[in-house]
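Trainee: Taken in order, these protein sequences are the chains called S and A.
When we follow this note's numbering, the leftmost residue of the first sequence carries the number 1, and every step to the right adds one.
When we follow this note's numbering, the leftmost residue of the second sequence carries the number 1, and every step to the right adds one.
Among the hints, a few may not be true.
One copy or two, it doesn't matter: identical chains are merged, so the pair holds either way.
What the hints assert, rightly or not - Capping the alpha-carbon separation at 20 Å, the derived lysine to any residue pairs in SDA-like fashion look like this:
hint	residue 1	residue 2
1	LYS130	ARG166
2	LYS106	GLY224
3	LYS106	GLU215
4	LYS106	ARG227
5	LYS130	ALA248
6	LYS130	ARG40
7	LYS106	ARG86
8	LYS130	PRO94
9	LYS130	ARG111
10	LYS106	ALA81
11	LYS130	ASP87
12	LYS130	ARG163
13	LYS130	ALA160
14	LYS106	GLY138
15	LYS106	ASP78
16	LYS106	GLY228
17	LYS106	ARG82
18	LYS130	ARG22
19	LYS106	ARG89
20	LYS106	PRO85
21	LYS130	TRP114
Read the hints as simulated data drawn from the structure, not as lab findings.
Number of protein chains: 2
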Amino acid sequence: MPYFDHNATAPLSDAARDAWLRAQEEAWFNPASPHRGAARVRARLEAARARLAELLGAEPERVVFNSGATEGAASALDWWARTWPRDRRIAVSPVEHPCVLESARKFFAGRTAWLEVDADGAVRLDALEKLLAGGGIGGVAVMAANNETGVIQPWREIAAACRAARAAYLCDATQWLGKLPAAGLGGAAMWATGSAHKFGGPKGVGFVKLAAQAEGFCALPGGGQQRGHRGGTEDFPGAAAMVAALEAAEAETGARTFQPAFSRAGFEAEGRQPPAMPAPPWAEERLRWRAEFERAAPAAAPGARVVAAGARRLWNTVSLLMPRGEGHRWVARLDRRGFQVSTGSACATGADGPSHVLAAMRVPPDEARRVVRVSAGRETSRADWLALAEALGAVARELEETE
Amino acid sequence: MPYFDHNATAPLSDAARDAWLRAQEEAWFNPASPHRGAARVRARLEAARARLAELLGAEPERVVFNSGATEGAASALDWWARTWPRDRRIAVSPVEHPCVLESARKFFAGRTAWLEVDADGAVRLDALEKLLAGGGIGGVAVMAANNETGVIQPWREIAAACRAARAAYLCDATQWLGKLPAAGLGGAAMWATGSAHKFGGPKGVGFVKLAAQAEGFCALPGGGQQRGHRGGTEDFPGAAAMVAALEAAEAETGARTFQPAFSRAGFEAEGRQPPAMPAPPWAEERLRWRAEFERAAPAAAPGARVVAAGARRLWNTVSLLMPRGEGHRWVARLDRRGFQVSTGSACATGADGPSHVLAAMRVPPDEARRVVRVSAGRETSRADWLALAEALGAVARELEETE
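For reference, chain S alone in the conformation it holds in the complex (with noise of 0.2 Å):
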């Protein structure tokens, strides 16, 4: 049964499992216990922290562990807030996660301005820069990678900037870690935030990463745990998991030996010729059965378009936008096929209306309704792909009859 929902979710990795298991086993003790034992599970879960550390460029005691990237992005925006002089104001990307945009519609209420995206919901570079040259932006908001979309942010561009001009900047990697390499978000000016459940971790565990200057930082006052950065017991098993999932992400992906070259192209480069992903021989075979994917699957359904299909996007999501029919009605008939696919974020699945990454990319609303959201995974096969397309295809002629 193929599933083409990673986005959403990702099933529990062998490696998280048994991370999980053997720290239930070996290492449950409360790690802020005066015994030996609990003494064991603090040093198991600092060595976690370091791991986890090293994959991000980060150093260990920047590394606080959470529930998850909902909680990082709002206890980030909170300790702005609370910390920054009350003119100061924030510049995010309309194009946001949701627990972004409503931790800012909650923290910085009237102080949030919108960066610039263009026709892909990449953030304008030059925008940017002029913005926090005009003064009184304290921090910026723009992700790795969009969830609906895969469109990948020139986020080391934007990192640079901010750096440049003293403004934080909160990344959210949810959608990039275990997909590419880790390695340069732990940047010491940056926040990042990360949920383990997205690639092969438990879910309600993740990570918030803080950047140099937030000493005080504390999402949940109480007992002191994590250097006072967030109080209650921490989950070592659940910590053990998600960095066991990462790491065999990160080997699997051949993410530790790879170093995308787009980083080093820096601002020139950000415009509108993405220039082709330089990726490892495993990258670059999933970018080819994407590429497959994209060329079959409007063949298969005459008038299927992908969104920002000039764009650098993650290998493992195609956003489609459908000829006809609400993309409810794709992910009904591709699910009693065997798919399971979505319409944009399962987060915003409730939601009316259609989605805002498509509205600030400026596809018209009833277009954007008849989108439907692929995201495969590390297990999916180009076999899985071909699948889809040709499902596709079924669908649209079913579609077409029933119209």
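Mind docking chain A on chain S? Use the hints.
Mentor: Then chain A, alone, in the frame of chain S:
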């Protein structure tokens, strides 16, 4: 290896492990996704919510799954602070867990009244009623049972007093759940919090039970999950494991058929003659074992005294003031003999100075530093209790010799 640190954390129960693993196999989809498999997860998530609500005696729509009681306390007090008039104060017991104390400090700084407690650390109902009658108190925070001493608070009576005064009541039930019946904690006017890992569920999983008037409550802004009460992908495996653990505990302790008489006794019973706690055969037996230990410990270690010896306390908890030697020395020596115990709260282990709970009970600081907390679990046997008393005697002799 007898483990006497259950108030810090309990081992994962078989019921919880099985439920978690089964959910990870069968129900790992994102409950918010639009396909049928996700709808099945959604249904199972709502069934878990309904079951937890049933155990608490609450309406299902009031139960919000979260990352634990620390988040629960913060989200409740934050919500109170955000939605009440600026001059509204809260009344808090001085023996609360740090998560409640620190959240009160964060969200009600300068607007917190301290409740009077007696020498056992139990809240004085007469003083509470007087305070409520004075007006200006929007809410009250008093735990169900204390983590350091096991002393039970008259929470049903406090709930009644708050109801009468139209004040909100937040009851941190973390130490109560799994040891005594959950029934009643879900009362319509109450806010209640809990952490799964204290009763055999996984760490990083808990709940907050909202009062009826909390329609707009939002712990985390985001994708509108849990009726808008908490953003973030719901952790169904975690929720299922928590509910399985609580069910197992309630079945084993006989809680489902047991209604403690002190809840019927009402206000009048609250005074300086705590009635003997009626209990089902299971709990009666545990109270007998605890009583045996409380006779055996001072016999083995002359001069040891039980904190709040005459008070109504949890069947599992004994706080001992030792005749000599700081608490951590006893912990280390008992540890070498195979017994894990604690000095007061695990959450305050890193903190300097003696316990705030003992301080509120007017225990002198030099005596409070000699505290050893013993907290049994459902699997603890009478032999374990007696062996611990014997070990205390051996450590007492060691410390006497090294003095």
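Trainee: A separate judgement is required for each hint: does it hold in the structure or not?
Mentor: Here is what the structure says about each hint:
Proximity of LYS130 to ARG166 under the C-alpha cut-off of 20 Å is restricted to the intra-copy arrangement: shortest distance 14 Å within a copy versus 53 Å between copies. In the homo-oligomer, the alpha carbons of LYS106 and GLY224 lie at most 20 Å apart only across protomers (14 Å), although the nearest pairing inside one protomer, at 26 Å, exceeds that limit. In the homo-oligomer, the alpha carbons of LYS106 and GLU215 lie at most 20 Å apart only across protomers (17 Å), although the nearest pairing inside one protomer, at 23 Å, exceeds that limit. Proximity of LYS106 and ARG227 under a CA criterion of 20 Å is satisfied inter-copy only: 17 Å between copies versus 26 Å inside one chain copy.
Within a single copy, LYS130 and ALA248 get their C-alpha atoms no closer than 40 Å, and across copies no closer than 60 Å, so neither meets the 20 Å cut-off. In the homo-oligomer, the alpha carbons of LYS130 and ARG40 never lie at most 20 Å apart, since the shortest distance is 51 Å inside one protomer and 49 Å across protomers. In this assembly of identical chains, the alpha carbons of LYS106 and ARG86 lie at most 20 Å apart whether taken from the same copy (14 Å) or from different copies (18 Å). In the homo-oligomer, the alpha carbons of LYS130 and PRO94 lie at most 20 Å apart inside one protomer (17 Å), although the nearest pairing across protomers, at 52 Å, exceeds that limit.
In this assembly of identical chains, the alpha carbons of LYS130 and ARG111 lie at most 20 Å apart only when taken from the same copy (17 Å versus 44 Å across copies). In the homo-oligomer, the alpha carbons of LYS106 and ALA81 lie at most 20 Å apart both inside one protomer (10 Å) and across protomers (14 Å), since each shortest distance falls under that limit. For the homomeric pair LYS130 and ASP87, the shortest alpha-carbon distance inside one copy (19 Å) is at most 20 Å, but the shortest distance between copies (43 Å) is not. For a Cα distance limit of 20 Å, the shortest separation of LYS130 from ARG163 inside one copy, 14 Å, qualifies, whereas the shortest one across copies, 56 Å, does not.
With identical chains, the CA atoms of LYS130 and ALA160 are at most 20 Å apart within one copy only, with a shortest distance of 14 Å there and 59 Å across copies. Proximity of LYS106 to GLY138 under the C-alpha cut-off of 20 Å is restricted to the intra-copy arrangement: shortest distance 16 Å within a copy versus 23 Å between copies. Taking CA atoms no more than 20 Å apart as the test, LYS106 paired with ASP78 passes in both settings, with 8 Å inside one copy and 13 Å between copies. When the C-alpha separation of LYS106 and GLY228 is checked against a cutoff of 20 Å, the pair qualifies only between copies, where the shortest distance is 14 Å, while the shortest distance within a copy is 24 Å.
For a Cα distance limit of 20 Å, the shortest separation of LYS106 from ARG82 qualifies both inside one copy, at 12 Å, and across copies, at 11 Å. When the C-alpha separation of LYS130 and ARG22 is checked against a cutoff of 20 Å, the pair qualifies neither within a copy, at 51 Å, nor between copies, at 53 Å. In this homomeric assembly, LYS106 and ARG89 come within 20 Å of each other (Cα to Cα) only inside a single copy, at 13 Å, whereas the closest approach across copies is 23 Å. In this homomeric assembly, LYS106 and PRO85 come within 20 Å of each other (Cα to Cα) both inside a single copy, at 17 Å, and across copies, at 18 Å.
When the C-alpha separation of LYS130 and TRP114 is checked against a cutoff of 20 Å, the pair qualifies only within one copy, where the shortest distance is 13 Å, while the shortest distance between copies is 52 Å.
The structure shown violates the earlier hints numbered 5, 6, 18.
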